[in-house]
Amino acid sequence: MNTQTDTSVSRHFVEHKHNPMQLKWCVLDEAVLDKRGGNRLNKLLQLEGRWIRKLNTLISDGMNDSWSLKPYL
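Take 351 as the starting number for the sequence shown in the numbering used here and just add one per residue.
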């Protein structure tokens, strides 16, 4: 596919014949910047990496096909 909606979640739903009523989500974290600001995208990538590790959602165990240490450098 290769569209904005071509994500690991959307591919999983199509592959396993799920319907929209089966999709549930919850907020796990919030990217709060310190008083001096900072790089919001970098903070989001750090949080995403932490949750991928914590929930063990990296392929082959989960739905995330990659994560990087780059946001921490």
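No wet-lab data here; the hints were simulated from the structure.
Ideal Cβ positions, reconstructed from N, Cα and C, are used throughout, including at glycine.
Possibly wrong hints are sitting among the right ones.
[What the hints assert, rightly or not] Here are the computed lysine to aspartate or glutamate pairs in the EDC-like style, where the Cα-Cα straight-line distance is at most 20 Å:
#1 K385 <-> D356
#2 K374 <-> D356
#3 K367 <-> D356
#4 K393 <-> E380
#5 K404 <-> D379
#6 K404 <-> D384
#7 K420 <-> E398
#8 K404 <-> E380
[Claimed, not checked] Listed next, with one range per pair, are the computed distances between beta-carbon atoms:
#9 D384 <-> I409: 31 to 37 Å
#10 G388 <-> K367: 40 to 46 Å
#11 L391 <-> M371: 31 to 37 Å
#12 R400 <-> L373: 21 to 27 Å
#13 L408 <-> K374: 29 to 35 Å
#14 R390 <-> F363: 17 to 23 Å
Find the hints from earlier in the document that the structure breaks and name them by number, from lowest to highest. Violated hints: 1, 6, 13 and 14; rest satisfied.
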